[in-house]
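Asks: So you can see what is in the structure, the chains are spelled out below.
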Amino acid sequence: MSLSMLMPWGLAVAVAWPLLLASLPGLFERRLATLAWLSGPLPALALALWAPAMELSLEAWLLGGHWLLDETRRPLLAFGALLWALAGGYAWGYLAPEDPHRGRFARLWSLTLAGNLLLLVAEDIPSFYLGFALMTFAAYGLVLHQGDEEARRGAWAYLLLALVGEGMILAGLLWAAGESGALTLTALRQGIAEQGGNAVVLLLWLGFGVKAGVLGLHLWLPLAHPVAPTPASAVLSGVVVKAGVWGWWQTLPLGLVALPLPGSLMVTLGLLGAFLAALYGLFMSQAKAVLAYSTMSQLGMLAALTGAALQDPRLWPALLPALLLFAAHHGLNKGALFLGVGIAQRPPRLPFWLVGAGLALPAWALVGALASGLPSKWMIKAGLHEGDWRGLALALSWAAVGTTVLMGRTLWCLYHEWCRAVDEGAEPASRAMLAGWLGCLAAAALLPVWLVLPEAIRLPPWGELWGLLWPVVLGGILMAVAIQQLLGRHPAVEAAVATWRPGDLWWLARHPLCRWMLDLRRGVEALHRHNERWHEARRTWSGRLMAGLDGLERVETLLRWLLLPLILGMGALLIWGLPVTLPLG
Amino acid sequence: MTLLLLTLATSLLAAPVIFLLPERARRARTTINLGAALIKLALVAWMVRGLAQGMEYRFHLPVMEGFSVHLVADPLGILFAGLSSLLWLFTTLYAVAYLEDSPNRRRFFGFFSLCVASTLGIALAANLFTFLIFYELLTLATYPLVVHRGTPAALAAGRIYLRYMVSAGFVLLLGAVWLQALAGELTFGELRLAELDERHHTTLRGIFLLLMLGLGVKAALVPLHGWLAQAMVAPAPVSALLHAVAVVKAGAFGIVRLVHDVYGIAFSATLGLLGWLTVAASLTILYGSLRALAQVDLKRRLAFSTVSQVAYIVLGVSLFGPLGTLAGLAHLLHQGLMKVTLFFCAGNYAEELGIHRIDELDGVGRRMPLTSLAFTLGALGMIGLPPLAGFISKWYLGMGAVAAGSPWVITVLVASSLLNAAYFLPPLYRLWFKVAADPAWPQARHLGRFETHAWLWGPALAMGLFSLLAGALAGLPYSPLDWAGRVAGGEYFP
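Here the protein sequences line up with chains A and B, keeping their order. Going by the working numbering, the first residue of the first sequence is number 29, and it counts up by one from there. Going by the working numbering, the first residue of the second sequence is number 9, and it counts up by one from there.
Next comes chain A alone, as it looks inside the complex (with noise of 0.2 Å):
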């Protein structure tokens, strides 16, 4: 056997080698365990960077396995990979060696990681929804790690809308492949082109979109993230959101088919979530909670993006490229911030500008302003334009505006948050915090030159900076005025701001939901006791019976001495009768 033949089963291994780590004994607490345990997405990302295209099919595995890596998994894989890797690397610094937890923790960690990595290399459905669903259920004992009452409530906000996710999503896989008979997800996107269910595509949409955020289905993300441990928040908001995003593009007949209603209500919703993310965010105190909302809309505009593919299927050639680094631009900058959220928590002894300045560089490129965030926002920006679509594209920087105005509030809450570390004295960042912060940072900063996308990455012509950068400019002199003209001046509207949590419709929707819940509950109690009393009745009625039939006794009783003159008579009869019926002699 040759070694091109063995190839392909690297993306066997890549998937199995995070979940034999998971079965290791004594992660987090031996040394080598845990140096295997970080070497978990490794596998995976020398296979992205470095491996040709590859295919890999299992006859037996559940209804056929069919793995693939080709140039639009590439991007993806690579980038999740490597943010695994170094919040990985960050996770074994942050967690401390006296949380009871850590091993269980460790062993969760692999578990959504093979779950990732997994959603991204399945080609048939059943695979894929496997990825999907090792990967949000494990991701449930990240949310719920520290155990409180809020990461409690969080990992619950969180579950609850994942079932209702895995609901929708395993209906539309469902129904579309049943009308398909589809086995691939390539087949699946033929099967929904060519008849064209708008049901179907709504299910799909709906069911991923509550990992991506749609406005409404978004409730966990601002509830999870602060509350799960900083590494946990950063692979959440980096990859694992974006894997509903992936379900999308798997899944809807983008490029094959116009569907007009769903692709604009898909854009609606998008950009409406950008916006109104974007102003929530504004108000919230925590870095996590800022950068949470910032991953909500972020997530919108990838929606409206999307959408605006499936309402016209010529934009979409142009815009996947640029979508797969925007996603990848995303994940990783944002990663970069939430590690960097621990890092201010807990100040290394290093210059202050030098932090300051590691921390503020995946702001200006999330932006848009600096490294990968220049050309991911050109090569959106030229694509609709090709496709002219321009009104989007406008849109969107007005959603880049917000943008800017949310990494300044981050940015001022990660300077706090710094502050407040420093008086108490708090002990300094590790090494290894250090060592998966920075490699984030580089990477981040660097992705225009080391990710490989279907075509070339393509940097804006100087003429074209104006149209990019004016968001920036006009979201800083926003909050410039907004500092100099109303901080302070409305104690009152400030006091009533600083009651908003993260969470936002969650708060109002709760008191109806228990309310809900209790009833239902109450309801499947009465049909409980209502069952308890058909027992009973039933019981009762049985009884009757059997007691009716019991007094059937005193019947016989008098059957009994019918008896007597009954034997007696057939005496008689034999002794008179028969001589005279019978010819005798």
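It should be emphasised that the hints constitute simulated quantities derived from the structure, not laboratory data. In this text, all values refer to a predicted model and were calculated from it rather than measured experimentally. Certain hints may be false.
[Stated by the list, open to error] Footprint (simulated), chain A over chain B, 3 or more residues, beta carbon under 8 Å:
1. 290-302
2. 387-395
3. 399-407
4. 410-421
[What the hints assert, rightly or not] Within a straight-line C-alpha distance of at most 16 Å, the following computed EDC-like cross-link-like pairs (lysine to aspartate or glutamate) qualify:
5. B:K442 - B:E368
6. B:K442 - A:D176
7. B:K442 - B:D370
8. B:K442 - B:D367
9. B:K442 - A:E177
Don't be surprised by glycine CBs; every beta carbon is placed ideally from N, CA and C.
On the provided structure of chain A, position chain B as indicated by the hints.
Replies: Structure of chain B alone, referenced to chain A:
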């Protein structure tokens, strides 16, 4: 032919031998039990191989005009026989450890063998008459197992059990006799009913209803399921056997036979019976899940889960088309594997720690990791998550529903999945994420060197792994899915 009788004889002959052995001859009893189970498994495996090569196994003994004892090993029967002999082996292993030092083991294992013998008879029966004999024998053989403990609660449950079963048997007999009067002796798979005159169709519908009522009691279709939750007082291995392979499955298997081999799926569709069956199965699925949600006793929750899960089989059978049939048959096997795992685990918790209620499960995952791992596998499979066996069933049920033109069934499937998640995830949360209270458990003991006796956790884990492999490696030849596909394929494309 001898192979067929030999297979039946292994457990049928083991029973009297066990009855004759003295109570204290523990070693001999266990040897006979396990030996018979192993031999039977080997014989069934042999027949599976032969069947795949096109051999025929048949035994025909005319009793009188129009009645004959007729056994056959067709793909459908061998599917059920394979399940029952595999689970018999593991349940026997489990029961030996579970009933250690308890009285009346002679009686228990004797009837246990009889129960399996009748299940095998049901699987191999080739006509309604033979089927009925073994079906009634099953009722009689399981009664002593249900009341084994002899407590007032057990005796009361036994009474209810017997009342349900005997009336069901009577209704079934009535239907079978009527059918025989109408169409003569019916060998399974002959499908002569479709040739009857059209004026008999209403009568045939009536007979179908009678037979369904008779079979539905054992299959625990709502509203005929009342006995199932009561019968939970039985010892854990009995519950496992009752829910996974013997009684409930016998009913479901009977429904499969009725629809496919007595009426024929096409003729059932012509008579308009399938739609009603789909609705009845869907209602049972949802009702069972809702009731399970309200139970605090672990075994009772599992019992209502069975009500819901067995209806999946009926649902699959009622969906016209090869995919629906495939799903129903695959679930016949999958549900058996998963449910037996869950009951073994519930029994382990009760034996080792005295846990019966779900709120006592806090932190047990650390104390009994292997059992809890098996429980997790079973529970996730029930929810229908890949790569466990339950996902495969659910997938094909969905495909079958769309193919049969009733995509609304997908709503039922998704709702049932969510309800399953709602009543299986809380125990899992308690197992793995909560910390044990102090004092931890009602009656903690140390039965074995590891978490409990090896013969208790061993079968549980093995069955859990089987249900994982049945899903993850569904594409392998001779996997449950593959065999169900052969049966369904033969049904539609002979």
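Asks: Look at each hint and say if it fits the structure.
Replies: Structure-based check of each hint:
1. 290-302: With 4 residues in contact (Cβ-Cβ under 8 Å with chain A), the coverage given for the segment 290-302 of chain B holds.
2. 387-395: holds (count 4)
3. 399-407: holds (count 6)
4. 410-421: Three-residue rule met by the segment 410-421 of chain B, so holds; n is 6.
5. B:K442 - B:E368: 11 Å, holds
6. B:K442 - A:D176: 12 Å, holds
7. B:K442 - B:D370: Given that 16 Å is the threshold and the Cα spacing comes to 5 Å, the pair holds.
8. B:K442 - B:D367: 11 Å, holds
9. B:K442 - A:E177: This hinted pair holds, its Cα atoms lying about 13 Å apart.
Every hint, counting from the list given before, is met by this structure.
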